[in-house]
Amino acid sequence: MCLVLWPATVAATVVGFFVLLHCATTLHRLELIRRAVADDPTVTVSDEDARAVPDAALPHYTVLVPAYREPEVIARVVAGMTALEYPADRLEVMLLLEADDTETLAAARAALGGERRGPIAIVEVPPGEPRTKPKACNIGLLRSRGQLVTIFDAEDRPEPLQLRRAVVAFARLGPRVACLQARLSYHNAEQNLLIRWFTVEYDTWFRWLLPGLMATGAPIPLGGTSNHIRRGALVAVGGWDPWNVTEDADLGLRLARCGYEVAMLGSTTEEEANSDAINWVKQRSRWYKGYLQSFAVHVRHPVALTREIGVRGVLGLVLFVAATPVLAMVNPLFWGLTALWILARPPAVAAVFPPLVYYPGLAVWMVGGLAAIVAGVANARAAGKPHLAAAALVSPLYWVLMSLAALKAGVQLVAAPSYWEKTTHGLDTTPEKEVVA
Amino acid sequence: MTDVATRPLLPGALPPAPRPRRPRRRPTAVLTWFLGALAVYVAAGAVLVLVHDGVMEDALARVSAASSVWSSSDPKLAAIGYVWTPLPALLMVPFTPLRVLWPALVSQGYLAALLSAVASAAAVATTWGLLGDLRVRPLPRVLTTLLFALSPMVLLYAGNGMTEALLVAFLLAAARRLLAWVRDGETTALVAAGLFLALGYLARYEALVATLGAAVVVTVVTARRTGTLRRPARRRDAVLVDVGLVAGPPAAAFVLWAVVSWLVVGSPFEQFTSAYGNAALLAGADAAAVSIAVPARQLTWLAPALVPLLVLVLARALWRAPRGPALALVAVPVALFGAVLAFEWVTYLSGNLFGFLRYQITAIPLVVVLLGLLLARDHDDRRDDEPGTAAAVLRAGVGALVVVAVLGAGIATSARAMVTEPVDATQEYHRVAPLAGAPTAESALGMWASDREVAERVDAMDLPAASVLVDSGSGFAVVAASRHPERFLITSDDGFAAALADPPAHGIRVVLRSEGGGVDAVRARWASLGTPAGPAWARPLGAVAPATRFSPTWTLWEVSGRP
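In order, the protein sequences belong to chains Z and R. Numbering-wise, the UniProt record's numbering puts 82 at position 82 of the first sequence, and it's gapless, one number per residue. Numbering-wise, the UniProt record's numbering puts 119 at position 119 of the second sequence, and it's gapless, one number per residue.
Any given hint could turn out to be false.
What the hints assert, rightly or not - Here are the simulated distance ranges between beta carbons:
#1 Z:F17 <-> R:L101: 40 to 50 Å
#2 Z:V303 <-> R:S267: 56 to 66 Å
#3 Z:A344 <-> R:S267: 17 to 27 Å
#4 R:S291 <-> Z:A344: 34 to 44 Å
#5 Z:P360 <-> R:S267: 21 to 31 Å
Worth flagging that the hints you see were computed from the coordinates, not collected in a lab. Using N, Cα and C, we set each Cβ at its ideal position, and we do this for glycine too.
Please put together the full structure from these sequences, using the hints given.
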């Protein structure tokens, strides 16, 4: 009705809302970076301290490795898990494979020489919907006995001392901290421009944005792997949501709602980044869809949510978890309007950008864009990867890909909310390198 | 660590409880310095600008432009003008509508004085923080901050609305971050330095030269710093990235502002090319004999102890064990502030800049930072940390004496120059000397009275909007003083050029012409008004005599329609 009566006013209000959201997220992210730098909550455990714990004092540790239709990376899993410095009698590595995924099962049996080798064992997940990673993890959790539980993806190369560091960090932080998120980075960062962008983004995410969220007391959307969780807490919050396609982010939110804290662990898991743009868009669209899913699930009871995680927590949730995919979705519209305005100057564009919308929009477009680029370049330098700075400099092109993924996620959220966009791994062509901390 | 295995893992969900908060350090000392300095500067500005009508020309012009954004007959952001970089005017734009409640904010330019007061107070707070970073002992730290805050040039430029205050504040902030970066290599400090330099450029062109100085320092420091990057290619990348981080934001600001200027007024560098820019002003001014003695004398007034201080600081750095980093620390203020000084000298000596005393104001923060480096204590220096020991008291006492000697000398010489040097400290002399009671001084205080009288006369005429033609480059004070600014058609309004060419055809009822002073488009086009060769539509409405030697004579012309 309003749209019919006052189309320009409604359009200007909608545009104004997104400009405001853009301003708020830009300021929020800058604040996160400031806090992450000013009081970095990342827990670092030295090699000596990590190794100082006698084997007998270490808790039982469960490592869940869900895999689906990726026979080509199974051999690497075995290598990566064998490299972990943790006593075999206190470690159980569960390869969670779908019972009808015969190819991967065969590859795993070949690599292990049977159903198990040392601490690594195959766990068959009964076929059935939803066929998702969180469902596999829940089954693994039911069959495991470790006091601490972590997840690695099949292609991950965790830093060998990561489990020991996690044990020491848990002991130092006390029982309120239920989860430690290790940093993720990419070992194939040299492969192409897409991966350089992805690496810079991940490093910014795990070195600045997530620590910033922790420092500001907001709930943390966990990364998909290398989150180390106390079993008690995991059981208490009900494990993973098998219907959510970013069960990791959802778990982080539920931990926060139950009063647990999450801390960053100063240890890096090297993952394989998507080197193929189509594959990348699929993966990113699943993440965005999952973020929107998680947000929708948790704001169903806004009063309870606010009571549990506080106003600041809700603000962080809105500006970080919800705004990221939403803004990626609407960005193409703004780019299009800008291009249209420069080329043709149609009065309709001017009508939806009254001065109160236009000037903040212009400012956030320039300042926000430049800030994002500078943050990427600075993070590449701070992470000791100055050679990735050039990629960070042209990262606006990367934002186009993000928007494609966000639009796909938006469509899928309605059409197929729990459909899991499988990411193909094993595209890494770089030679094996030594894993570094 | 052995209790980990036996510690009971969490039995279930913990009840929601307030999260333990990390105690945050409250910046009370910094805030106290900021607020204290602000109070002094706001008061100083009130005395100079409100009581004695002593706001500087450029400052009032910026307030008038910022006000025109809302109140001109053709309101638009582009009215902030393109001769100067935009930050000072942009910062004032949100506050100019307050003229409705308090006209003097705009009519006397007090808003600009408030802006320079805030900037200078921030500079004082930054100085306090910078000296703390360097671990200067409390007594010399307090004295340095205090004497910097109260030095005559800083006090005057905090109160007169000029952008020198912003330049000093941003350069000091950049210097503080750059010193931190040289000390510990934290990338974010470098980013902050780059952002402050970018803001500096958006306030004053000179910050671009400081950026070049900073880029040189960063290049050398990163190239010599081994760090964890061992491969030469990576280290080359590191140098490029570090220079990009410190120089990229100012470079982006430079490009952005040039593009915006080009889009709006059709020329990227109005300061250098327009009729109101520096070059045109120089061409219009009397070419006084350029002599190296002028900037040299000015520098000795502002910073008489600069050279011996620099020698002392260099000697201390050379004597330090890791000589490279110590010298790099000294290079930071020399590069930032020294580059600006060198630039002003070179452009003045090559005839491209006026020889104003204020152009060398960066000599004062240079001295302050050098003092900080002279009195700095290393972070591992624990020998005399016990406060109250004889050694500590002695060192603090000697430091305090050095501070008082160095900054005190500058205060004395610069204050003297302001009341005795009508030529080489001309802008300061004509405003400070009358206040100090110097009997023979020609005062620039009250110079805007004639412009206000013009505004009153025009206001009394009850004219429609956009009917008073005036070049806001010369008539900014008239527009600022008017209660009806929308009645003027000013340079930034669409239709100004057409109305200037043919006033009667464009609804112009009154034309204002300044009879002297700087560039005036009306005077340039209609020099013939009032002469036999003049147009028939003009009827003289009389003149307004200049209030001071520094004010123009205004003539008013009624447009009487085509004959």
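Exercise for the section: Hint by hint, work out which the structure violates, then give me just those numbers in ascending order. Expected result: 1, 4
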